[in-house]
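2 protein chains.
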Amino acid sequence: MKTIGSTIVHQGDIFRLRRDEVVLPSGRKATREVVEHADAVAVVAVDGTGSVLLERQYRHAASKELLEIPAGGIEPGETPEAAICREMQEETGFFPRKLKKIGGFYSAPGWATEYLHLFIATDLVPSPLSAEDTDEIKLETVPISRISQLIVEGVIEDGKSIAGLLWYLMIREEH
Amino acid sequence: MKTIGSTIVHQGDIFRLRRDEVVLPSGRKATREVVEHADAVAVVAVDGTGSVLLERQYRHAASKELLEIPAGGIEPGETPEAAICREMQEETGFFPRKLKKIGGFYSAPGWATEYLHLFIATDLVPSPLSAEDTDEIKLETVPISRISQLIVEGVIEDGKSIAGLLWYLMIREEH
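Protein sequences appear in the order of chains A and B. Counting along the first sequence from 1, when you hit position 113 you're at 112 in numbering that gives the first Met the number 0, and nothing is skipped either side. Counting along the second sequence from 1, when you hit position 83 you're at 82 in numbering that gives the first Met the number 0, and nothing is skipped either side.
For reference, chain A alone in the conformation it holds in the complex:
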């Protein structure tokens, strides 16, 4: 596929909308609209008691409260590791002394550029940072043994959280 034209349709606060003209392998012309969103980070954070830190917050786009792993956008000039530490301090009040990247994935590759770097955080120490524009977040600690049940029962309805938590459970059981 070859891009022969590109227009920014809208410059938003957290993403911008691009409209590309492309030539398909068949030779036919088509348009592809893309949401350009900065790369992001998400983290399975496990405390000393073997519980995972989850966040309950109202999500305006979903029009409901969701239970999710900590996550957030990478700011300009920031490494994924620094973004994780900042997000965890702002949203959970903990700093991860051990951080391991386990993988990553696109959130919605059919129409958005966002790529999520996935980490496991352990050895958590209290170290809160205040954030400016965060919606109200309620922290919940859930024993690892209950995570798969919460997913199967539909209590966790966020793609990155399901992917991240099941990934963690899989490699944890391998070690």
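Treat the hints as calculated values from the structure; they're not laboratory data. Among the hints, erroneous ones may be present.
[Stated by the list, open to error] Capping the alpha-carbon separation at 20 Å, the derived lysine-lysine pairs in PhoX-like fashion look like this: (1) B:1 / A:137; (2) A:28 / B:63; (3) B:63 / A:1; (4) B:1 / A:63; (5) A:63 / A:137; (6) A:63 / A:28; (7) B:1 / B:28; (8) B:63 / B:137; (9) A:1 / B:137; (10) B:28 / A:63.
Knowing the structure of chain A, use the given hints to seat chain B on it.
Leaving out everything else, chain B in the frame of chain A:
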């Protein structure tokens, strides 16, 4: 959170962009931009030999080829089940005689409305349908025993596919 104003910023082909004015619980006003995307379906399709049907296709938003489970948008008036059957026939050439909904999740609840219904499909029979505007898709069948390896090695880099495949592996092992 209360919405006090809402404007459609852009009406696109597969999504539209909405800008809402909201009042946060603190009383402060803020704006929230939302990508409105129709709900979608995704399916872990397992053939008679115990292999999973995966699709390799170039994703313009990711600027690369990705390996994904079959998925697609629900068309107006269509049930999720009908959407799965149509997408599978168009993209894989198979019709699923057994279909089971196992759950669902938001793709990117921080900024998009898209909700994905997740299914397991078995008892697959050849029954191709031609689609109009599909990018070139190469079908690959991967033994279930290799799936977790493909995820850990970063070969599968799509959030819905990782969530769906690991979910399938989890409940499969329980039965």
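**Those earlier numbered hints the structure runs against, lowest number first** = 6
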